[in-house]
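Peer 1: Residue numbers (the UniProt record's numbering), protein chains in the order written: chain V, 1 to 469; chain D, 1 to 469; chain U, 1 to 469; chain G, 1 to 469.
Read the hints as simulated data drawn from the structure, not as lab findings. Model, not experiment: these values are computed from the prediction. Treat the hints with care, since some could be wrong.
Put simply, identical chains are the same to the list, so a pair is met inside one copy or across any two.
Unchecked claim - With a straight-line cut-off of 30 Å between C-alpha atoms, the simulated DSS-like cross-links for lysine-lysine are:
1) K336 x K315
2) K278 x K349
3) K66 x K53
4) K336 x K53
5) K338 x K72
6) K66 x K315
7) K336 x K56
8) K349 x K158
For reference, the chains in residue letters:
Number of protein chains: 4
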Amino acid sequence: MLAEIRGLNEECGVFGIWGHEKAAELTYYGLHALQHRGQEGAGVVTTNGHELKLHKGQGLVNDVFKRVDFSKLSGHAAIGHVRYATQGDRTIDNVQPLLFRSQAGSMALAHNGNIMNAYKLRGELEDAGSILQTSSDTEVLAHLIKRNGTLDSLEAIKDALRQLVGAYAFILLKENKMHVALDPRGLRPLSIGRLGDAYVVASETCAFDIIGATYEREVLPGELLTFTDMGVESTRFDQQEKRALCAMEYVYFSRPDSDLNHVNVHASRKRMGIELAKESPVEADVVTGVPDSSISAAIGYAEQSGIPYEIGLIKNRYTGRTFIQPSQELRELGVKMKLSPVRGIVEGKRVIMIDDSIVRGTTSKRIVRMLKDAGAKEVHVRIASPAITNPCYYGIDMSTKQELIAANYSIEEMCQLIGADSVAYLSSEGLEKAIVTEDTINQGVCMACMTGTYPVTESGQLEISYTKC
Amino acid sequence: MLAEIRGLNEECGVFGIWGHEKAAELTYYGLHALQHRGQEGAGVVTTNGHELKLHKGQGLVNDVFKRVDFSKLSGHAAIGHVRYATQGDRTIDNVQPLLFRSQAGSMALAHNGNIMNAYKLRGELEDAGSILQTSSDTEVLAHLIKRNGTLDSLEAIKDALRQLVGAYAFILLKENKMHVALDPRGLRPLSIGRLGDAYVVASETCAFDIIGATYEREVLPGELLTFTDMGVESTRFDQQEKRALCAMEYVYFSRPDSDLNHVNVHASRKRMGIELAKESPVEADVVTGVPDSSISAAIGYAEQSGIPYEIGLIKNRYTGRTFIQPSQELRELGVKMKLSPVRGIVEGKRVIMIDDSIVRGTTSKRIVRMLKDAGAKEVHVRIASPAITNPCYYGIDMSTKQELIAANYSIEEMCQLIGADSVAYLSSEGLEKAIVTEDTINQGVCMACMTGTYPVTESGQLEISYTKC
Amino acid sequence: MLAEIRGLNEECGVFGIWGHEKAAELTYYGLHALQHRGQEGAGVVTTNGHELKLHKGQGLVNDVFKRVDFSKLSGHAAIGHVRYATQGDRTIDNVQPLLFRSQAGSMALAHNGNIMNAYKLRGELEDAGSILQTSSDTEVLAHLIKRNGTLDSLEAIKDALRQLVGAYAFILLKENKMHVALDPRGLRPLSIGRLGDAYVVASETCAFDIIGATYEREVLPGELLTFTDMGVESTRFDQQEKRALCAMEYVYFSRPDSDLNHVNVHASRKRMGIELAKESPVEADVVTGVPDSSISAAIGYAEQSGIPYEIGLIKNRYTGRTFIQPSQELRELGVKMKLSPVRGIVEGKRVIMIDDSIVRGTTSKRIVRMLKDAGAKEVHVRIASPAITNPCYYGIDMSTKQELIAANYSIEEMCQLIGADSVAYLSSEGLEKAIVTEDTINQGVCMACMTGTYPVTESGQLEISYTKC
Amino acid sequence: MLAEIRGLNEECGVFGIWGHEKAAELTYYGLHALQHRGQEGAGVVTTNGHELKLHKGQGLVNDVFKRVDFSKLSGHAAIGHVRYATQGDRTIDNVQPLLFRSQAGSMALAHNGNIMNAYKLRGELEDAGSILQTSSDTEVLAHLIKRNGTLDSLEAIKDALRQLVGAYAFILLKENKMHVALDPRGLRPLSIGRLGDAYVVASETCAFDIIGATYEREVLPGELLTFTDMGVESTRFDQQEKRALCAMEYVYFSRPDSDLNHVNVHASRKRMGIELAKESPVEADVVTGVPDSSISAAIGYAEQSGIPYEIGLIKNRYTGRTFIQPSQELRELGVKMKLSPVRGIVEGKRVIMIDDSIVRGTTSKRIVRMLKDAGAKEVHVRIASPAITNPCYYGIDMSTKQELIAANYSIEEMCQLIGADSVAYLSSEGLEKAIVTEDTINQGVCMACMTGTYPVTESGQLEISYTKC
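Using the sequences and the hints given, assemble the complete structure.
Peer 2: Quick look at the structure:
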């Protein structure tokens, strides 16, 4: 599927560390591991107990930090952010963490998620005389806290959080403390780890592995944590009965080496492939996956079906930096930059092509044709997740139902549209089985975009979901 | 193994096209596909029949061409080059193609390989009054041709080529013709394709696939091809009885989707894994490969052994651009940038770790420790090629025998050195079986670095192999 | 004197234009003419009646705008700013114009001057729940206006301005109007011009000349102008009896081709030289000036004294971009980058060296030594303004009395300190005579830094003058 | 006049130093002082006795060297070059010094001038089998020397120099010696200085002043100097009876603080103004000069005539870096970037406008109109040099007679064409009187472009003067 629509390929990542003298550098490495969650901008804010220091910029983590003197970002705590942005938001102002200074003290915020009622809250703040500087949801939270009273009040933060509707994982840094909060349904991933005496918080556990930290536990839905020199304290500002962690995190967003809610992502994807092979077998010569996110499922499908797994499609490792895209004329000549079929593998073969999801179907159609042009006798498309038939309001930019191919066509029509010999999806039961294992804590995933059942509801959702991250 | 020594990870790539109005753009895309063969510099020279135009620069293909106006590189033919360079050679002057202008006409050269007697030839040229501008072997060929007579003489080129000793694939462009030559043993890969009426030449067939060209045949050992508006002519300037294509191209250098001498690289690597599983089985829970080049062999090993293949190691996709390497202190804290173990997969497991080769052993040692730190119960190292025990003089920078771990230690010593529970190599027979199939033309591979049997010999080889590409 | 202390060499420049379809480009050229007033950053905000668009950046005007597509800054009105910044303020956030967006409408501000009570006002705003994003005085005005009511109220702006204490020239742009205001004493320069039907406002008239606009009149002290599609309206928010335009604008800051309050700067400087020659004549062979700002006075001194004017000191035109300053060792060897003596002119001569002012005396000492090393027999220093003996609180960074050489030494001591054969200053009467002519409107200049008589007084001035521009 | 045609504003500058441990840094500062002679590129080559090291790049000296680690350019001798280039030559390859390496030793060359028979010599070299890499004359000399025998032979160099026809100042560096040569007529400036025990050579003496070196003597026409650790030796390879130093160096090219052949440039320009006032007086209110190069002459004219000198035109100091030139539409609106009239000075006045020369007349016309638009009652143009009526073949790009206004129009016609009230030139006798004083050594200047009398003649000059520097 390959990230057909903006937002499906990436969303923001947050990182925080408390109690380590190399806080800024470790945050840099942590953001590096979270780079796949956002490539538009990155930033770090540190505190040395007296002063917050910020460095942020547009582009990849390495571009932003390549000439940074880390000795100027000294301090024992830091928070960081990698940003995915829609076109209109691509200004440095929106790159996080956002830093708010005042004579009474400073506050920095890093945020992953989507505040559904941000537009309304923003209007209320402006009517009361506030000036907001960015178009991000994140700034709304800062103003809500400031309005609610002095910066040091835990209640001010809890009151502010209770005004928010949506999915969010927040990290907030002040001179002498760090707060961490997760939305009441736990829609976004957020884990806690330890590195010696230090505490680490990150969107994914792969950020713990890169710095040698050990995973401790999940931040709980509706939990607000406070880290100070005295240690850590936990409180709840809200709580739903069952966590609803976004299923797309398993299917597509997260890195295969991360554990989400105690479940390894690669392993869950392999199980999706296994379930898919059980549900929708087909006779073929080779199984291949659309790189990178569908490889694990393809291996699972191959293992279950006994059909050999082969590298039938290859991704060009350097195209992430491609500035020059082929013109229409050159594309018609056959020029392809991102993905190539491996003729030596697929020629004359019946190919099972595993993809993680289909959104608009245009990419699938292109890949099927690519495989057939390279000599594949048959191409059987197997999607390792249920069809996406509904928009998402929690931080993923899947605009309207009209764009979603699965919402508008039958399997047979789709098969014809994308030129495949057969198409099958994993069932939502199969997906749940692949994700929710005995290891999962506080069971439950959000599959709203596949099932239409939304864990959080509010009137007027469509018009308010204009900002993200 | 992960490219432990300079030169093992990359070598140059060449590309040429004759007879297409989009010659420069297609060369750009071709170089893009060959990017893995050289990341230090790239360049293109075009001809419009009257004039050669050059654009080159240091860095990746995209960096070099990102602000290029291709309308200024118009012409119906072009040659291109991606460069791998040793530290000392990193100047723009050495980036290819080299362009030589004179009042009688111009000449551009792109070259992959190593001229073993370059130092001697250079001295002879200088004694006769020539001034050479670069430290590259490539310039020597230009001067030899110029000295041999007028630029239009085919004999001048053949005489010049016959003075060279070594491994090389040359493409030479003049205002009104393009010459292509391969060394007498065919040590370097070089293929011919078609794109409509146009001819394409490239180091690897993946450069054909990206532009939609079809593979035609190999350039033959000792063959000199001439492309003009009249068509293509072939002649031989020398010829050995058997081709000796570099085995490391299959093991490590080439892209898995390329066919080398009619054999697909991924498929040959998978066969290496299959042979390795037959030769050196071991009881274990998971098979994993060191990404990226060892994945195919790992899949083959898993398929043959029936032990499931898992993603036990993950490569950070963004580290290619890492400017800030962890300090020793941070590395000791556990910070790792390029490769991470997947704890959720290897914890408590007996792991078979497939790597493509071992040179100095330091990387293997690090990966084994990484896996054990992540909880692996046992780590069995299986190398999908024979031990490298001898230096290479044909264009790969493997300095001296002292650096090669396999040349100095027994299997048992190595096992202890790298901390593995067992170590085994693929036999040279196994490697040959994996590469040389019924499809291979003019059979024969060069395995000199593994066996010590060199296809080309000359006295004083060690002191003269100072330049490359 | 050559700008010995930060702030003496530069201060910000503002520009605005209403009613011209090329508003952004004309603002770019206007800022170009004002470049000498600030080299740290530049920016433009335009309005097309519906939307404000911003482009700003750090560095020179040309650096900031070199890749700008002006078609994306379309609109019939624009304001611009060039920024001088003290070290700590060098972030993009502080570069002006500042742009404040809200659901009710947007507002952009450009400001030259210093709000003396900014710290106090900022504290009051923050206590009331506002979040300020920059460390600039300018943002304070925006919040004061926002707090005072709706954006469209002229009274809100007037109330806000009345809360400010200090020296300032403001330009404020909204979607459908432009406001311009000058402080009640008229300490900063601000003129109005016409370009066809369009109105232009700028810190100096040289910005009118570059775009072919004609000078109309001064903005009056305490005046608030409003430009809309209906025309221009003027009102007064405050008014002192006599204008007090900064004398240093004539002595040093402004460009010689500008007219300030109807007096040409070059002509006033030449008169300073003439008065100086009358007050402090000396026998000598040549008169020379320290380039660039002292040339006019030197020519006046030469004309009055009958001693020939010569180029005895030359300024290197390219050092503005000097990244590599000579090491101490090289300076001792005699390496000099910015200023060189002309040996062929001064050798064996008695030299009168005209400078515009002396602050710490270190530069004067260096120039005198330079001239003597080049063979000058005598060096008589003549300063074309009175001694600076008091700090300035109105926007020029002359920290404390201790740093001001003239405040701490007698003429004789200074003469010895800087190694001159004689030293003399222009009297304050002489300076006033050179500036205040029959052309001057609403007579009066601020010479507080020379006389200690401050036109605006407030308790606690020293501690509050921490921000500028 | 303001450099109306390419090449009149700039030509290359050379610098060399022998015997100083800070050779590279001092060369950097020397090039800085010579920056006005070439702004397209700069470079330095050093020797430490064993090895030549090169750093060069396109752009200003500061841009080229801003990130250079001078410790990597260690050595006791160095040569440097600043380059002026015509459009077609703007490649890094042509930036000097050119460095030629060979197994027998290396050689670097820096050159100011024009070899008139370069095209012919280049053809002869190529026919004999040489490959030339650049389009510069300088490389021809290197090949001539190499062809003439071993690098260590002084005769090889003298023979090579004798084959050259034209104007040139060469500096040549090898591992263990430095050679310096001036053409037989001494057309280009080249001086020798001392810095302690070290020797310094430069195009202008301002390069001595910046590093604290003292001027020693001129390099003589046809002289070849050799600097080694044993000291300096001088020989002559050719010699004309009388030196013919380019008069335009005094009129326009050189810095006012330089002494050329013992005559200070500012002083000579002032004398040009004095002579001009004697020859062509006119009643007026103010004298003004076109900055920068005409200021000295204007001061001389004012002093002689008794009419006050004023700053009636001002140059924008930042336009050197202007990327965005006003469109035709904006120019017609009156936008001007480089030069502005000072209305406050010229309004209502009769203005004498001094310029150093007129080439095509277009700039003069623009300035006259500018002054009249600013209110000048009369504008009398006085040119401080004779009319340029003939092309130059010695290194200055004044293409053909057709472009030279003075060659095609009478004074009356010109007056009308440029809109002045009167026009007068300095006579060639006046110019000679201003330059050739009792201090001048080996008297004689080349005024060929004004008089048509060429000091060096050769058939076919026009077609061969295609390269420069």
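Peer 1: Between copies, within a copy, both or neither: which fits K349 and K158 at Cα up to 30 Å?
Peer 2: neither (60 Å within a copy, 44 Å between copies)
Peer 1: Please work out whether the CA atoms of K66 and K53 approach to 30 Å or closer within one copy, between two copies, in both situations, or in neither?
Peer 2: both (17 Å within a copy, 28 Å between copies)
Peer 1: First find the shortest C-alpha distance between K336 and K56 inside one copy, then the shortest across copies, and answer within, between, both or neither for a cut-off of 30 Å.
Peer 2: between (34 Å within a copy, 23 Å between copies)
Peer 1: From the Cα coordinates, with 30 Å as the cut-off, is the pair K278 and K349 best called within, between, both, or neither?
Peer 2: For K278 and K349, both the intra-copy (22 Å) and inter-copy (26 Å) Cα distances are at most 30 Å.
Peer 1: Within a copy, between copies, both or neither: where do K336 and K53 come within 30 Å Cα-Cα?
Peer 2: between (44 Å within a copy, 25 Å between copies)
Peer 1: Measure nothing new, just compare the shortest in-copy and cross-copy C-alpha distances for K66 and K315 to 30 Å and report within, between, both or neither.
Peer 2: both (27 Å within a copy, 20 Å between copies)
Peer 1: Given a CA cutoff of 30 Å, do K336 and K315 count as a within-copy pair, a between-copy pair, both, or neither?
Peer 2: both (10 Å within a copy, 24 Å between copies)
Peer 1: When no copy is specified for K338 and K72, does a C-alpha distance of 30 Å or less occur within a copy, between copies, both, or neither?
Peer 2: between (39 Å within a copy, 26 Å between copies)
In this structure, only the earlier hint numbered 8 is contradicted, and the remaining ones agree with it.
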